[in-house]
Structures are given as C-alpha cells and as structure tokens.
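**Q** Sequence:
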Amino acid sequence: MEHSFLFQALVFLLAAVLCVPIAKKLGMGSVLGYLLAGILLGPYIFGFIGKEGEDILHAAEFGVVMLLFIIGLELNPKEFWGMRKSILGFGSIQVFGTTALLFLCFIYFFHWSIQMSLAISLSISLSSTAIILQTLKERGLSNSVAGQASFSILIFQDIMVIPILAILPLLAIPGVAPIASKQTSIIDGLPGYIQTLVVFGVIGLVYGITRYIVSPLLHLVVKVNLKEVFVAASLTIVIGVSYTMTLVGLSPALGAFLAGIVLASTEYRHSLEATIEPFKGLLLGLFFIAVGSTINFGIITAKPILIFSIVLAVMFVKGVVIFSIGKIFKMSFRNNILTAILLSQVGEFSFVLLNFSSTLYIIPKDLFELLMAVTAITMVITPILLVIYEIIENKAFKSTLGEPKQQADEIHSMHKVLIIGFGHFGSTIGRFLRANGISATILDHDPDRVGLLRKMGFNVYFGDGTDLDLLYAAGAEKAKYLIATIDPPEVNQDLYR
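This note's numbering puts the first residue of the sequence shown at 1, with every later residue one more than the last.
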C-alpha cells in the first residue's frame, strides 16, 4: 500500500506514542515498545510498512550513527586508556570466545562451509550497543558493575568492527558467483588485500581530517555565535564522516564513533553532545521501529525449527561465554547473570556485516534473509528476558538465589568527608580528594565495587547509603562534608532533606 510521507510520519509517531508508554508501564522498557510498534506496522500485521521496510531501516540506522558519535564523545582518549584493561580483558574474551564456539557449532551442527561459518560467527558475536545502553540508562544501571562490564565489552566490539570489515573481503572465494553489476562502494571488484589496505587508509584519513581540520573549523563556527550554525556544523561532521565511510563499504556508525573519540579531547565535547542528543533519541527510536517492521514472519513460519535453533544456539553460547568471563573476573552471581542477559542478543552492526558478507557472496541470499530474522528476534527476546529476570530477582533474590544476603559493614573509621555512592561521579571526587591527601569515608551498595576499591586502598564500606542508621554509624553527624552521588539524582535530593 502506497502512502504519502506525512501519513508514514504520522503512523510512526503514533505507534511510538502508544506502544512505548504501554511497554514502560509494564516494566518492559522503551526498546521493546519500539520493536513491538514496528512489528505491528510491518507487512505481516497491519501493513502500514510494506516492502520498503528495509529502506526505512537503512535510513533509521542514522540513529545508531548518532549514538556511536555520542559514545565516542563521552570516551576521550585518556578515559579510554584508563579503561584499557577492562576493555581488552572483558571484550577480547567475549568476542574471540563467542566467535570460536559459534564457528565450531556452525561447522559441526549446521554443516556450513569454513568461510561462511567464520563470517557469520564474527558478525553475530557482536551485541547491540543501542539496546544495551538504552536499557542501562532507563534502569539506572550505567554505574553498576554489570553496566560497566557491559560498556567495556561494547567498546571492544565497536572497535572490532574495523578488523572484521577488513577480514571479510579475504574470506570471499573468487568465482563462486558472478560479480554484481551494481557497485555498492568504490572498492568493489578490487582484490581482497587492496580492499583491506583501503579500509585502513580511509580510517586514518578520517582521523586526520577530524583532528587537524574539523577541530579548527569548529573554532571559527563558535566565533559566529549562532546556535543554528553550530547545530549545522555538528550534523555536517556526523554526516560527512558517515558518507566517507560508506564510500568504501564501511559502517557509517564506525566512522562517527572514531570522530567522536577524536573530538572528545576538544573543548567542544559537551556542546556537540548536547546538540546531537535530541536527534539521536528520535532517530534511535525510529531504528528500533524499523527493526521490528523488517522481521520476516514468512521466513519464520517456513523454517521455524532452523531459525529458532540458530537463535537458541547464539544466545546460549553468548550467555555462557559472558557468564564465564564474570567468573574469571570474580563478579557476583547477580551481576554475572544480568551481564549475560544484557549482551545475549545480536547487535545492529551485524546488519552491516552480514549485508557486506552477502555482497561478497560469502553468505547466500536466502541464508542472509534468515540471519536478518535471527538478529531481529534476538533483539526482541533480550528485553523480555530482562523483564523475567527482574521478576525473579524481586521475588527470589530476597534470599539472593541461595547466596546469603550481605549485611552492611561495621564502620571502624570516620572522616570529615563522607561520600555516598562511588560510581563515575563519586569516584572522580574520591580520586581528587585522595590526590590532595584528604581522607574520606565511602559508602556503596555494590559488593563487587567495594571489594575492588578496597584493593585500591580506598576506605570504603558496603551498605545502603540511604539508611539513616548506617549514615549515623558512618559519622554523618560529625562529618564536615556529605557528598551524595547516587543514581538517580532524586535520591540525593531526598537524602539532603
């Protein structure tokens, strides 16, 4: 059914306005609401989105581009270097471990070729940055141990897209299929090793232009002192970098992420973030709706056993690998389970990698469509699993699933400064005080974080910082400064009252 642009826009917005609040009310989160809205709008339910659903998906991917740009802005090189151990530790084990297990699974159980199995394993080993970060933000888990572990893995995954894109042309087998008549990038048809060199060359070019040309230009734009010009400049940076990456068949989101990291060390970091944020939120919602609308129920009904076997295999393998990582790094059972659920789905970069593998004829067209359905299904299942986990946690975790509930620590020493909560903001204050020789008593409710901070020499105690009895025991009455850094901010306001 053909509809005008205004009608399409009206339907998208109305679906979001109706479905997202209902999903939030049921405790399912906005992501599942957007996905369900897309399913309803798709060709297999109400049919407001027809075969053009995939075209809408490509346009909506710009929301992911915006998200990766903001992530890059928030992760300046110094912070990135400070997180290198957790990023390399968590991330490398997850990506390589998941890829290896899935590769063996596809070879021995699905009987796919080595090239095909490797390409698919690399592509679907990545999780959804958009879904996970949105979920962590909505549930206030960004500063939790599970949130920080997930973020470290996601950063490594986003970086790994670069070498994966470079590896895929080397897996292509010449002569398997005729070369497509329509070029999708300027490097199509070139030998694999030349494509790989061009990929790394373009990445270096984007870095150089962003560092030595874009940053000085922003300085000139700021002098004009017109907000709309700065907005235009911000969008120009994101769109320009994205377009450059697409010329060589790379993900535009990857270029935006790289540009964000480079600009994170400039004085325009926060202004760029504030300017892009509104566009990111709207386009990201559109992306999730588009993902839901592209779920091919025709393929699902035709091959349900094969599709759900792949879905089960992928989510089980990713969950086992991530749970094992948590055991290696001595995370608590609750944080371990939560991290495994958060990262169990296949991510938005997989759409790009699978599509690239299909254009290289590593993956046949029918299998590509099947894997696209698998990717979308895992995205829908993950928020549902999270809701189930929270229900179980609320009912059964009162006894911590067999683990004795940790009691608040007995506080032996008091200082003039009392810090409640030691996430990103609290730890920044704590390190600043420590660097200036000022001792502080720290309260935090995360046992994993408490154990880690004690090893680092901080005077930290486990307990609920909103418990008045614990505050008095920690010397709140005698403390000269009380610094509350609990998420969400409303809790801090209530505490000061």
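Hints in this document: simulated from the structure, not taken from any laboratory.
There's no promise every hint is true.
Cross-link-like lysine-lysine pairs, in silico, BS3-like; alpha carbons within 27 Å at most [what the hints assert, rightly or not]:
1. Lys365 with Lys416
2. Lys327 with Lys137
3. Lys25 with Lys85
4. Lys303 with Lys227
5. Lys416 with Lys327
6. Lys330 with Lys137
7. Lys24 with Lys137
8. Lys480 with Lys85
9. Lys137 with Lys25
10. Lys85 with Lys365
**Q** If you test the structure against every hint from before, which numbers come out violated?
**A** Hints 1, 3, 4, 5, 8, 10 not satisfied by this model.
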